[in-house]
Amino acid sequence: MGVSGSGKTTIGQLLASQLGIDFFDGDDFHSATNIEKMKSGQPLDDHDRYDWLQNIHAIANKTLATNASAVIACSALKKQYRDIISKNIEESIFWIYLHGSKDLIQKRMAERKDHYMPVTLLQSQFDILEIPNESIKIDISLDPQTMVNTILQETNKSTLGIVGLGVMGKSLARNWARAGVKLSLYNRFVKGVEEQVAEKTIQAYPELENASGFEDLRSFVHSLVKPRIIFMMIKAGKETDVFINEILPHLDAGDILIDGGNSHYEDTKNRIVRLEKQQIHFMGTGVSGGEKGALYGPSIMPSGSFEAYQKIEHLLFAIAAKDKNGNPCSAYIGPEGSGHFVKMIHNGIEYAEMQLIAETYAYLRYVQGLEPSSIAQVFDEWNQGALHSYLLESTVHILQKKEGDTYLIDLILDVAGNKGTGNWATITASELGIPAGMITSALFARYVSTLKESVRNLRQASIKNIHSTQLSIDTLKTAYTAARIINHQQGFLILRTASMEYNWNLDLSNIARIWTNGCIIRSTLMEKMILAFHEHHDVFEYHDFKNEIILSKPELKSFCISALEFDLPIPCYTASLDYLNSLSGLYATANIIQAQRDFFGAHTYQKKNDTTGAFYHTEW
Numbered sequence: 000m001g002v003s004g005s006g007k008t009t010i011g012q013l014l015a016s017q018l019g020i021d022f023f024d025g026d027d028f029h030s031a032t033n034i035e036k037m038k039s040g041q042p043l044d045d046h047d048r049y050d051w052l053q054n055i056h057a058i059a060n061k062t063l064a065t066n067a068s069a070v071i072a073c074s075a076l077k078k079q080y081r082d083i084i085s086k087n088i089e090e091s092i093f094w095i096y097l098h099g100s101k102d103l104i105q106k107r108m109a110e111r112k113d114h115y116m117p118v119t120l121l122q123s124q125f126d127i128l129e130i131p132n133e134s135i136k137i138d139i140s141l142d143p144q145t146m147v148n149t150i151l152q153e154t155n156k157s158t159l160g161i162v163g164l165g166v167m168g169k170s171l172a173r174n175w176a177r178a179g180v181k182l183s184l185y186n187r188f189v190k191g192v193e194e195q196v197a198e199k200t201i202q203a204y205p206e207l208e209n210a211s212g213f214e215d216l217r218s219f220v221h222s223l224v225k226p227r228i229i230f231m232m233i234k235a236g237k238e239t240d241v242f243i244n245e246i247l248p249h250l251d252a253g254d255i256l257i258d259g260g261n262s263h264y265e266d267t268k269n270r271i272v273r274l275e276k277q278q279i280h281f282m283g284t285g286v287s288g289g290e291k292g293a294l295y296g297p298s299i300m301p302s303g304s305f306e307a308y309q310k311i312e313h314l315l316f317a318i319a320a321k322d323k324n325g326n327p328c329s330a331y332i333g334p335e336g337s338g339h340f341v342k343m344i345h346n347g348i349e350y351a352e353m354q355l356i357a358e359t360y361a362y363l364r365y366v367q368g369l370e371p372s373s374i375a376q377v378f379d380e381w382n383q384g385a386l387h388s389y390l391l392e393s394t395v396h397i398l399q400k401k402e403g404d405t406y407l408i409d410l411i412l413d414v415a416g417n418k419g420t421g422n423w424a425t426i427t428a429s430e431l432g433i434p435a436g437m438i439t440s441a442l443f444a445r446y447v448s449t450l451k452e453s454v455r456n457l458r459q460a461s462i463k464n465i466h467s468t469q470l471s472i473d474t475l476k477t478a479y480t481a482a483r484i485i486n487h488q489q490g491f492l493i494l495r496t497a498s499m500e501y502n503w504n505l506d507l508s509n510i511a512r513i514w515t516n517g518c519i520i521r522s523t524l525m526e527k528m529i530l531a532f533h534e535h536h537d538v539f540e541y542h543d544f545k546n547e548i549i550l551s552k553p554e555l556k557s558f559c560i561s562a563l564e565f566d567l568p569i570p571c572y573t574a575s576l577d578y579l580n581s582l583s584g585l586y587a588t589a590n591i592i593q594a595q596r597d598f599f600g601a602h603t604y605q606k607k608n609d610t611t612g613a614f615y616h617t618e619w
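Be aware that the sequence shown starts at 0, since it is given in numbering that gives the first Met the number 0, and climbs by one per residue.
A couple of the hints might just be wrong.
Stated by the list, open to error - In silico lysine-lysine, DSS-like type, Cα no more than 27 Å apart, as pairs: (1) Lys78 <-> Lys310; (2) Lys156 <-> Lys112; (3) Lys77 <-> Lys61; (4) Lys112 <-> Lys101.
If you are wondering where the hints come from, they were derived from the structure by calculation, not from laboratory data. The structure displayed is predicted, hence computed values, not measured ones.
Sequences and hints are given; from them, build the entire structure.
Rendered as structure tokens:
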């Protein structure tokens, strides 16, 4: 592309010849009316060009439909013209912009013969020219073969760069490679620890045979087509900032950095603002699904500039899991760090889901006296219906696994770790004023697991109340169902509150949709969340969930009482029941607290049935 006289036909024909593909000259698609208008010295307007652009789009579409390639020469001076030509096929097009001085182009136009475009119209083309940022720019002062060689070199560059080849980075790379994306892979060099990681990764997996590996950052960046798209899978926090500082000198305006790690959403917001000043796009992107999800289809939660998102959407869609309707489990979340925020709350919900399963297991194991294989059978039966979830399914496999004659679960140290997102979710919920007691209880249960050895003096033999009655499996199932609904209600309430607080305009129904596959908390329950948020703002407003909670609360209460009578710690279950009891408003407790606040701090209080909303203070 370029103005008339820039050499589009000459270079296009030479390029097509060397590639062995078809060449189409855009001039051949002009109507006779357009040609006569230009011959008479009149410039074409947008209306004149519309059908011409549509014709070029049609030939490009037809070529791609046969899995073929072609070189097309056309001026395509304005962005809107290029948008018409590339509609729905953007990712399959390389724009090659031939640029040069007006004097040189005028000279060439004056020398050519039998062309309908007069030199007098050249200025009109420069007047409307919108130089494409996303193009391979070729200097027309070079000789034709050098120009073609440069084009061949540039178009052979990688579409996507991946930084960090740990478990997740490596799996994502393999996923993208299988999707046909040309990759450049970078991993840092640490002598004796991380050496030739990219090359070794490429050698280890056949699907990566066309990828390029790098340890030198400058070479890695220059191996990518512009605007460069770089997906980072590195440790969150300081290491991310260090890497950004290292790569920044090698980037150009319009390049896109995508952070796929578990970064804090406020860090992401700050990085977006910082890099925006240097015209670099930064996208905070949550990725869920673990190693297998990354390899076969994760759930992806990108946020940041929508302009940048549009340029990476096709890459994310190429590897994302698919929902039940075949749509990618990836969607633009919103501005700033909203993508990492949503991933953080996803992980918070995950914490509580895992803890609920653990507490249910504990009751079946230590109160009911079932062996792990029998518990696996119970969970497997639950997993066939409305309680189906990835986490429940994975627990079935865990409980069936043996090492020799011993269940592996009995050999695992009773200490649970965490990577920080549960902590962030708890703090954030508190800052937003949301009582996410189940997420908090699940997090604190992990903390307690690390303290057991330091408080051995509190240990005692298991005490079973002889008057306690073991509950039926059906009662446990109903209690588990209720607690899961409450957990999801609290998680989505955090999302809704944050959306309003930060003006993110989060689509909760669509977030639920992209969590129905690929991610760790995918479940049949999540499918119902899509419907709930189509019609309502809160889980408890949806009639199915509301009725379920009302009907199942007695079983939830019975389970909590029974477990506590057997000295079983069930912090997540009790948090869910406490939450329901508090929401019911049947018994007043907050009034005592507010009176205490007024007593010692003159914080005032409001009175029942006072429609004025007035505040009162009492000299107690």
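Going down the list of hints, with the structure as the test:
{"no.": "1", "hint": "Lys78 <-> Lys310", "verdict": "holds, 15 Å"}
{"no.": "2", "hint": "Lys156 <-> Lys112", "verdict": "violated, 37 Å"}
{"no.": "3", "hint": "Lys77 <-> Lys61", "verdict": "holds, 23 Å"}
{"no.": "4", "hint": "Lys112 <-> Lys101", "verdict": "holds, 19 Å"}
The structure is inconsistent with hint 2 alone, although it conforms to all the rest.
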